[in-house]
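Keeping the supplied structure of chain Z fixed, place chains F and L upon it in accordance with the hints.
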Amino acid sequence: MEFLMALMVGALVSAAVYLMLARDVLRFLFGLVLVSNAANLLIFASGGLTPEAPPLVPEGLKAPPPDVANALPQALVLTAIVIGFGLFAFALILIYRSYQTMGTLDSDRMRLAEPEGRD
Amino acid sequence: MTSLIVRAATRVLVGLLLVFSIFMLLRGHNEPGGGFIGGLIGATGFILYAIAHGCAAARGALRADPRSIAVAGLGVALLAGVAGLLAGDAIFTGQWLFLGGAEGEKGLPLSTILLFDLGVYLVVLGAVLTIVFALEEEV
Amino acid sequence: MAATQTDSRALTRPAGLISVAVPLALFGWFLQFLPEIAAGGTVVYRIDWVPSLEVGLGVLLDGLSLTFALLITGIGALVTLYSTSYLGGHRDYGRFVCYILAFMGGMLGLVLSDNLLSLFVFWEVTTISSYLLIGFDADRGTARRNALQALLVTATGGLAFLAGIILIGMAAGTFDISGIGEPLASHPLYLPIFLLVVAGAFTKSAQVPFHFWLPNAMAAPTPVSAYLHSATMVKGGVYLLARMNPSLGGTDPWFWTLVLFGGVTAVFASVMALRQTDIKQVLAYTTLMALGTLIMFIGVGTEYAVQAAMAFLVVHSLYKAALFLMIGVVDHGTGTRDARVLRGLGRAMPVTMVAAMLAALSMAGVPPLFGFVGKEFLYKAALDLDVGRLWVTGCAFAASALMFAAAGIVAWRPFMGKPADTPTAPHEGPWPMLAGPLVLALLGLALGIMPDLAEPLVRPATAAVLGVAAKVDLYLFRTVNAAFVLSLLTFAAGFALYLSHARLRAGLSRTPKLFDPGWDRLMDLVAAGSTALTGAIQTGRLRRYIFVTFATLAAVLSVALWRAEVTLAAPDFDDLRAKHWSVLIFIMAGALLTAFTRSRMTAVAALGVVGIGVALIFIMFGAPDVAITQLLIEVLQVVLFAVAMLKLPHLGRDMNTRPRAWDAVLALAIGGLTATILIAVMATPLDLRLTAFFEAASVPLAHGRNIVNVILVDFRALDTFGEIAVVAVAALGAWAVLRGTRGARP
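Chain order of the listed sequences is Z, F and L. Take the first sequence: its position 15, counting from 1, is numbered 15 in full-length UniProt numbering, and each next residue is one higher. Take the second sequence: its position 34, counting from 1, is numbered 34 in full-length UniProt numbering, and each next residue is one higher. Take the third sequence: its position 730, counting from 1, is numbered 730 in full-length UniProt numbering, and each next residue is one higher.
Treat the hints with caution; some may be incorrect.
[What the hints assert, rightly or not] Label pairs and their calculated CB-CB ranges:
id, chain 1, residue 1, chain 2, residue 2, range
1, L, Ser-558, F, Arg-63, 53 to 59 angstroms
2, Z, Pro-66, L, Leu-701, 15 to 21 angstroms
3, F, Gly-88, Z, Pro-66, 33 to 39 angstroms
4, Z, Thr-101, L, Asp-92, 36 to 42 angstroms
5, L, Leu-568, Z, Pro-58, 36 to 42 angstroms
FYI, nobody ran anything at the bench for these hints, they're computed from the structure. Ideal placement from N, C-alpha and C gives every residue a C-beta, glycine not left out.
Extracted from the complex, chain Z is given alone in its bound form:
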């Protein structure tokens, strides 16, 4: 499964980078979502893959059974997902707002900070 995992992360990253290099900032946003997913998977997979044993301690015991999944990357990924959503929402609203202000989603034409004419 490790190989398939790497394949998926690689595919997600490739698609994300390709999208982030587009002129359309909405595509950039799609790329951002994909790269968040890829990063989460990457962190998750780096912690080792243990099939179907959530890190829970059964009622009455003091410690979990020996082969439960690694809890640490799960905790990291859980907050990363929520923060990733915060980032996504903020970026979406920024894009929405800049479309209202500048009338375009073409990053080449969003030139408030560095006006055209110098290059």
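Chains F and L only, in chain Z's frame:
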């Protein structure tokens, strides 16, 4: 979006979702769940309500401004952390009180941990609703 | 230039009072150390500041630093007293007081630091505060330009000095000046250390070819010039070389570099002094001459030479501050500083005249003033030399003769003769402006008659520079010797130069200016270079920036992989089931569809497919909490997209959406690299100690059976708190973007 069936169904559904979200929050320490998940479920409930009845109604049902909820959540979480400090431990050290606890019986566990998780719940709920309501009202 | 009205009431205002009281109190405080230091003692005191970097706020008070400290605070008090009148009515007087006190503090720190790193910090404090002082009249373009020039030249030198300090730390194993035991002359790093330290000293003390900033710094208000160019700022380099003499001095490169550059500066500057028509500029160049002389004699390094340099240091500080302050009075009283115009001021400004004459006689080296003592000792030290006697004596002689003439131009001619027309009728200045020049000039006279009084300062200072105890015996006159004869010759030559100075000036003014225009050309070149560079890099196209960023990432990852020499095991497909393959297909198809679809709704749906696929993986590998969170987020994401899409245009409208080959290559490269790294990471054994702790402690310590949640809200609660704070801030920020800027259309 404003069909009668949807509106009628959401009334029931939203209530269920909110109860479920609290349930997820409370059981989070021992089973899958917790403040993040509970907050997200709660937010989903209110969003559903907003879709069916409009944002103004959803805001009314929520009573408080979602921004205030988010900030209040941060305050609650911080309070839970400071409590550890007051007890002489490092900041954010959990403090436990087992109400009615006896030999071999835990009783009702109350803790700053639960308070902290409640803070997380409120932040997530408030933050998500802030964004969604603002965007919906803008469009 | 000094279009500032005087206002003596400033002395009674808090700013004025503080500006005088602080240096005065410090002067008194330092004075109490005089007996101990004169007896050959040193005071070392240290506070640890940044122990890990070995930076201590060490204080080293010996003869050298005490001499400087007394000059800094004493002249400082007179200058600030003077400023209460000269600048008291200025609208930014408070700002001036802040700057000059900051500068004074920096200067004191510089001469008192025992640690080279803290010395450097104070060195830079003086650089920055002198920049602010020189550019004090910020409304004038020349003031700003000249201040910037001084800043850039001295700060560049300062960087060299910092590099030198670091090398010294490596060579000596300590940054404490008092801790550098052995001289560093035989260390392999000696030459670079020496060159870097000298670069710092020469820029600060304005030696040729870095001298040009100093005359330009005359754009500063006169009290600032009087302070910076008599006892403080420009003496910083001299102080540094004197301080480093025990550890760096005594070598051939030291001797020849200092003697040659110092001599050239002294002679060049005193010739240039005759060229000026502005008497303040004349003084500026004579300051250069004094600095050159000091550096030359420190380079010579014999006991006699160092003693002469220390005596001359005090001499120069006294008369130069007096003369600068006097020029301010003249400027203020007449409205001009033009040497060709100023004549016959003696009757209208008698007190100023007395001060000016005394100071100028000291500068000319005429007995019985302290200047004569200083010059005599310079000559004696020069004539004593075995190596380079002719050069040092010649330079000292030429410079002294020219100085004699310059003294006449600055302080004799303006007061003598028939009164000439000046922009305003000449009148005497108020007492705070006269006190400074008069006190300093009289001090020069007193020390000239009784040179023994200076011995308690000069002797320990000489000892500190030499690193061993020194016999110092200052006297006005004992016998007719070679030095005395040379002095008489100096007067004759100087007098002749003075008589012909008008013709000399005319002749000199035809020589082209080299350094200042050269500086401007250099600055233009730098500006053009950075414009070209910025134009090439900053195209203003977001895509290109992102491309460069990702390309750099790819390069860094490749190098990292290559250096780590990863060997990848062959993929193992044995335990794969249908569900694994289906998730793979799910995610890959979603990613591909998102990347290439032209319909935004398809893209959102495809993103949802990817998200659900990821959630499935979380479920498959025992992460129910994460999976639930992921699913809920997917729902919210779709809701947000759906709402926003109502007002956003379709994908790629009026945009060129051809397939982008290079982008695809880069994307595949980064994807491939990430996958390779992940395979390598998963093949290495995990360090599970932290997880093991969490598993073992979850129930007994945290009373929770869901380990993930326990980590989030208990073990790592502080991190979680930071994370929810980020979420809240993102939400508030998004809200502000939507609502806060409503109506603010550009």
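We went through each hint and held it up to the structure:
The hint said 53 to 59 angstroms for the Cβ distance between L:Ser-558 and F:Arg-63, and at roughly 56 angstroms that hint holds. For Z:Pro-66 paired with L:Leu-701, a C-beta distance near 20 angstroms keeps the hint of 15 to 21 angstroms intact. The hinted window of 33 to 39 angstroms between F:Gly-88 and Z:Pro-66 holds, with their beta carbons roughly 36 angstroms apart. Take Z:Thr-101 and L:Asp-92: their Cβ atoms lie about 41 angstroms apart, and the range 36 to 42 angstroms holds.
For the pair L:Leu-568 and Z:Pro-58, the supplied restraint of 36 to 42 angstroms holds, since their beta-carbon distance comes to about 38 angstroms.
Comparing the model with each earlier hint shows no violations; every hint is respected.
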